[in-house]
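Trainee: Protein chains in written order, with the numbering used here: chain A, 32 to 307; chain B, 32 to 307; chain C, 32 to 307; chain D, 32 to 307; chain E, 32 to 307; chain F, 32 to 307.
You may find that some hints are simply not true.
One copy or two, either will do: identical chains are not told apart, so a pair holds if it fits within one copy or between any two.
[Stated by the list, open to error] Below, computed lysine to aspartate or glutamate pairings styled on DMTMM-like, alpha-carbon distance capped at 20 Å:
id	residue 1	residue 2
1	K148	E209
2	K304	E97
3	K42	D195
4	K212	E233
Derived by calculation from the structure, the hints in this document are not laboratory data.
Protein chains: 6
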Amino acid sequence: MMKFYVDDLIKRALLEDVNYIDMAADYLLEDGKIAKAKFLAKADGVLCGLDVALRVFELLGDFKFERFIKDGDRVHNGDIIATVEGPVKELLEGERTSLNLIQHMSGIATATAEAVKLVHGTGASIADTRKTIPGMRALQKYAVVCGGGKNHRFNLSDAAMLKDNHIDASGGITKAVEKLKSKVGHTVKIEVETRNLEEVKEALAAQADIIMLDNMDCKTMKEAVQLCSGKVPLEASGGITTDMLRAVAETGVNIISIGALTHSVKAFDISLKIMK
Amino acid sequence: MMKFYVDDLIKRALLEDVNYIDMAADYLLEDGKIAKAKFLAKADGVLCGLDVALRVFELLGDFKFERFIKDGDRVHNGDIIATVEGPVKELLEGERTSLNLIQHMSGIATATAEAVKLVHGTGASIADTRKTIPGMRALQKYAVVCGGGKNHRFNLSDAAMLKDNHIDASGGITKAVEKLKSKVGHTVKIEVETRNLEEVKEALAAQADIIMLDNMDCKTMKEAVQLCSGKVPLEASGGITTDMLRAVAETGVNIISIGALTHSVKAFDISLKIMK
Amino acid sequence: MMKFYVDDLIKRALLEDVNYIDMAADYLLEDGKIAKAKFLAKADGVLCGLDVALRVFELLGDFKFERFIKDGDRVHNGDIIATVEGPVKELLEGERTSLNLIQHMSGIATATAEAVKLVHGTGASIADTRKTIPGMRALQKYAVVCGGGKNHRFNLSDAAMLKDNHIDASGGITKAVEKLKSKVGHTVKIEVETRNLEEVKEALAAQADIIMLDNMDCKTMKEAVQLCSGKVPLEASGGITTDMLRAVAETGVNIISIGALTHSVKAFDISLKIMK
Amino acid sequence: MMKFYVDDLIKRALLEDVNYIDMAADYLLEDGKIAKAKFLAKADGVLCGLDVALRVFELLGDFKFERFIKDGDRVHNGDIIATVEGPVKELLEGERTSLNLIQHMSGIATATAEAVKLVHGTGASIADTRKTIPGMRALQKYAVVCGGGKNHRFNLSDAAMLKDNHIDASGGITKAVEKLKSKVGHTVKIEVETRNLEEVKEALAAQADIIMLDNMDCKTMKEAVQLCSGKVPLEASGGITTDMLRAVAETGVNIISIGALTHSVKAFDISLKIMK
Amino acid sequence: MMKFYVDDLIKRALLEDVNYIDMAADYLLEDGKIAKAKFLAKADGVLCGLDVALRVFELLGDFKFERFIKDGDRVHNGDIIATVEGPVKELLEGERTSLNLIQHMSGIATATAEAVKLVHGTGASIADTRKTIPGMRALQKYAVVCGGGKNHRFNLSDAAMLKDNHIDASGGITKAVEKLKSKVGHTVKIEVETRNLEEVKEALAAQADIIMLDNMDCKTMKEAVQLCSGKVPLEASGGITTDMLRAVAETGVNIISIGALTHSVKAFDISLKIMK
Amino acid sequence: MMKFYVDDLIKRALLEDVNYIDMAADYLLEDGKIAKAKFLAKADGVLCGLDVALRVFELLGDFKFERFIKDGDRVHNGDIIATVEGPVKELLEGERTSLNLIQHMSGIATATAEAVKLVHGTGASIADTRKTIPGMRALQKYAVVCGGGKNHRFNLSDAAMLKDNHIDASGGITKAVEKLKSKVGHTVKIEVETRNLEEVKEALAAQADIIMLDNMDCKTMKEAVQLCSGKVPLEASGGITTDMLRAVAETGVNIISIGALTHSVKAFDISLKIMK
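Start from the sequences, fold in the hints, and give me the full structure.
Mentor: Shown next, in the form of structure tokens:
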């Protein structure tokens, strides 16, 4: 990710959290006094967002860092993740924004890793969706990769997904795929959303690049897998919860996309403690 | 909230989700064709973010709306929340961003309402924290209010919270409060974070405007309540989960602040269906 | 394209062209006086950018438009493209910015249409590249489509192109494609840049989604076409000028990408005349 | 030009070209690996935009540069212009944006230098216009200066140009100049656009600071030159192409302004090669 | 001034003044209730900024206005300037920002008008400087015009001012003017700052477009006026206060520029009263 | 204040003052030539804005500074405040913006210090208001603190002020305070604006956190002070000029808020001289 891409997001976050001044720090702490603090894991999971969290401090002043664990690594309750050393006013000023970022991103990476573990050995991969928190998509998708997942398309411009409205407007799957193929560039894949085996058959015949099995039960998905026999990647999608994940993966689908990875994130507990 | 405040956030979200074009819609759907869609609740909870969700469409083109339920109202599985009528291309272009917003905000309002219900009758109110998703604070804090909660300070500029680092640097709670009172304006409240009854006593004597009881057990909190006997509002804070909420409220504290309301949000399920 | 996406670009252009005020208009023309002007084609070509050009005026005041020709249509010397009616001060204020946009975009559409015509009947399509004018990519790529061309990838995030540096770092084409396939999401196509038939063979075997034939002569390209026998789309690229275009197309390649379409644009002559 | 002025333009260009990530580089290249590359001229011309092109890399990471040729200097096919050394991922990430800028700016400088050479010895200078690519005006006008040309006004606020609409609204050239002189500040020059010798005479009598000869033939321009006998600078303007440039210059006009310098730019070929 | 130019400034001002919400209005006033208020002059002076002040409300909601006095007109204590009708919440939300703008701008216009009156009949005009409040230059310079003054250059790009540092670096006034004339475009005027009659003579001989008399006494200025005998406009500058203004004007200088017009503004008292 | 908060404001100011280039400096001064200049006080007062003024140069190039006086310190005519050493082109480019900032901020600090001195020994403190210059609030409020004053609320979100419209809409002071207390968070203070002793009594009984005495005469204010006998802070407000300040302070009010501190600023004279 480009350095300044993150900078803009961090600046907005700091403006939101600090506004003009930090009265307690500005009026009580000594200018230029140096302090050192450590990022401490308070649970077990997968780390994500350390560079972003440290960047918060770089934007506020001169800081030095030591990193002990890196994005994508397992982290355990009690681990020291990194240390931060710099002016104590700016340290306290950036603390909350820094933690809000690393906790959110590590929460996603941890949940993704759990999903990936559940489907281990089945050949299915775990993917994210466009169900993200506004403004946070790039960081959220990066966290999914850190947790071992795959990224679905980033936005509406980089792959084409045919849903019922597009299909109806075009007079069926075959015509929709055909028309779209004649228009999009050669680097674009076309995915067709299907709701039953009839539609899967039609999408297969129309040479869709990917077929999405939308809210199907496992039995139907198994039939779809057999029907397509590896000619096209199949993506299971639609309200797939943790407890059904293994069963879905065992149907033989190639990708399982899960909105909850990014729309229902549980923050991962990390604290920042000033070292005496 | 000012209209254009939301506009900037929505535009960033749309740029993130659409980027340049929506290939499927742009290449397959007819220009200017009008469609009508309904926001449908898929669960029970409290609605929040409808105006923001509809604003997405206003920024994309000419749309008409009908509202049936308003922010802060209870909503039930199957309820039609509102209808949206306008050009089908822009309708599909804005769909995901609109849903991402209303689902996130309704998720917060619903969780807050559950917490408020749990403390009903105790005199304690539920408050949010600064543990928010970067860029989303104003919308998240508005959602807490819609769920019946109260807003803690918005940022570091609008109230002063004295934590251990400030207190140590100033030579104790008494000196810290004194020094800060001589510096901040007359509209600013000073809250002191305490970790034991000794500190509560000192904060009370120093005439703090609010005393925070940080990670105390219920027994200690009860003693703090007796000690202060209503002279100063007491805020319980620190990892308070749903199952301990009632017990905390019954200690007699005035405010219970809960980070999870905004840092660990579960999206509330709402869909947008095109009406044939 | 989203309405506000263009708005930001237009506002930057207007600030650049007007800065604070238009002295001649502000000091000499009557406030609120209404004038009507026509966009007049001064050459033959393909129109592109009319909506963008008219949007300039909408951002400056209340204007009414009549459109006679639309984006993608042929236009002839002397044709009236549209009329604009509104306050004369704002009309003059926006004139240059409006013309700069429509002339640039129509220049691209016209040049693309010429290229498309040259390859007519060969089965090859004409595509753009990432060689665009900074800040203008979306408008330039839209103009290519209006001229009958296809869009190559918009940016580095939406398709993966393997060049020599990536290939060398990975230990060859086969390993590079394999490694990348294991990492990118299922919606991403992988294109491999090749410089000779050996590399074409290896890319074909590695199941690249697209093979680029980089700066090859027509004879080699013909052999590549035979070698691949339709199993993968082939893209000819690298300094392909107008006079060699037909020959390249007749080799049987599927796509011919041309940087000059967007990096060396000849403005298409359109004027805006006030109607007495 | 102010450093940060260029930074904003470069950031927009990078966001456009990279969006979130460069998949090929991010997934295949080693973090922190250093590479060195050279900017290589592929044609003869005048260099422009080197600092801007190198600034792209500075915004992405830590880079070192060696410069061998500077803006405004002649450059020959095969010349090494500069070298860039830094992290290979960021090197590839910035490559296209960097080249798009330096090729465009050098294209303008080269074309300007050709025009300047054509009028050599006549006393006429070559100037640009406001017919620029939206968002690129400052860089384009800087390139014109690098090529030996002069800048016409930057925007509508820094000099006043009286065209037919202003003149008609004011009741003739004399009245228009008079009225404007009474209103604008003392640092503003007033240029009057004329279409025949009558108007030239009136503008001269009205003491215009500059007289533009709009779309006149060479004979008329010569008469205008005699008529004004050096009392006011004369600017020839309106569709002046390369082949008529010398003849126009020999009429004795002082300035020849050419829209094509900036509206119809041919990119100058420069490549960036990684050095093994 | 372009509509959206002001919009950005107003939005920044509103964000600064309102931040997220107006608690008093949002929690106590009825949604959608309509109120009407009047802008009331509390002193005598010249009105400026009414459109800007009203635009504040347009950005916040649907408002209707009646205007009774317009920018540049005299206004008297007790005059109703305009009325505003719209939703009471947004009315109160925008009140302070609206008044801050109109009071500042009217303050400048009023002070300018006083200066203009003081020099009446002398032939000297009153001009502003670049000594403006950051971010407010365009509005401040517009206010000077409303008060009957003239605008000096807007910025460093639109006219060239030669000061001692430039002159020393170039080897004297003559060489500096000569060198600059050979470089700047034909629309640019060159003003030379002088500190004594020797320098005035040199600047006159060098054919400067304007000569600034910097911090000279009235006697010296009179001599400069005689010396130049109308061949070049003379600008008096440097700490010219109200009480010496008439004397300066009577020396025969053409322009008197006064920094205090914009750097030491006294707000003009206007209130906004809700009409019962 | 956060570093980048000031950066954005400075960049806007520089764009406004420089626009593209500084012609005189760019065309006449040698690239990279180093110069040293000193900030010189031309009057007696209180310094404010030095860091902001120096930051201007840091944003333009590599500069070194020596500071001799710091924000909040007394400064005397002839004092050298600081020196700046760096490239002379950028030094001249930033000069005006730097001075505009430090002169404005020192003007506020100086005026505040004068007001503070006038009330010395009375127990009253001097506070600012929301009557600020758009875009400058944070810097202006910081200057008030440097002059020894206190900050009133920063914006409408961080404290609640009940005015007549809110009170009327709620059915009186008692009901308005009650309703608002039930809605705002526990960190928010409620101030009530009163116009006579009846309202003071009601506000006192309603347990307002602060009572504002709006435009009362000194006699009435004295009675209000007695009436409240120290139970609630009293703020005197409304057109309080320098000559009545002492008398107001002697009534026993706790805070005197003065709009003129920020809405009618007299720039403090500081110059920047290049040292030979």
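Trainee: Now, for every hint given, state plainly whether the structure supports it.
Mentor: Evaluated hints:
1. K148 x E209: neither (38 Å within a copy, 23 Å between copies)
2. K304 x E97: Within one copy only: 14 Å inside, 35 Å across.
3. K42 x D195: Result: close neither inside a copy nor across copies, 40 Å intra and 26 Å inter.
4. K212 x E233: Classified as within: same-chain Cα gap 15 Å, cross-chain 27 Å, threshold 20 Å.
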